[in-house]
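Trainee: Spelled out from the first residue to the last, the chains are:
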Amino acid sequence: EPEVTQTPSHQVTQMGQEVILRCVPISNHLYFYWYRQILGQKVEFLVSFYNNEISEKSEIFDDQFSVERPDGSNFTLKIRSTKLEDSAMYFCASGSSGAPGANVLTFGAGSRLTVL
Amino acid sequence: AQSVTQPDIHITVSEGASLELRCNYSYGATPYLFWYVQSPGQGLQLLLKYFSGDTLVQGIKGFEAEFKRSQSSFNLRKPSVHWSDAAEYFCAVVAGEYGNKLVFGAGTILRVKS
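Same order as they appear, the protein sequences are chains A and B.
So the first sequence is numbered by the working numbering: it starts at 15 and just counts up by one.
So the second sequence is numbered by the working numbering: it starts at -9 and just counts up by one.
Simulated from the structure, these hints should not be mistaken for laboratory data.
Heads up, some of the hints might be wrong.
[What the hints assert, rightly or not] With a Cα cut of at most 30 Å, we get these calculated DSSO-like pairs of lysine-lysine:
#1 A:Lys92 with B:Lys58
#2 B:Lys103 with B:Lys51
#3 A:Lys56 with A:Lys92
#4 A:Lys92 with B:Lys103
#5 B:Lys39 with B:Lys103
#6 A:Lys97 with B:Lys103
#7 B:Lys103 with A:Lys71
#8 A:Lys71 with B:Lys51
#9 A:Lys56 with A:Lys71
#10 B:Lys39 with B:Lys51
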């Protein structure tokens, strides 16, 4: 069964450092997402991406965050200068359609980011 | 704004017993609803979804859920729980008319005792 692959599974970084989280979505999917889950809290939407541009982003997704699809297979989330509160599990997801009633998102296993 | 409430943070059931996890949503139109499961160290796996049609939907691993518009609920059920079902369960709804931004509930941690 096709799956979404995320790397690294766990990253520890110092506050202020840049972090790039990588995702390989399912190959024929066109819609890509990042969600995050701070320990003990809800899974929260960060950003959606389609046709090489951001289609929607949440209030969390400020100027410190960026997303990119640098080639035909990878989808990355960059945090430019990490803060302690960025510590969370970050989930990548992909979908084949933008229509809410015609699509199911497939999630990756997550990348756990720990900021010290 | 759309929201999802899972009233139970933790639930403990005996192996072989039945299970019901509660989910209430807030949404004006017909919602698109999901249940996901997250096992320790794993990602979010889709159990089942409701888009339209039959209000009782079947999912993987023997789970089912029933959409009740009058109660704004989408409760997850399983007739006989297995120890491997111990995990965290998330109810989610699609937010908005376009796209697939999901709004998640806070999750319910299921413990299974033998």
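Trainee: Going back to the hint list, which numbers does this structure go against?
Mentor: 1, 4, 6, 7 and 8
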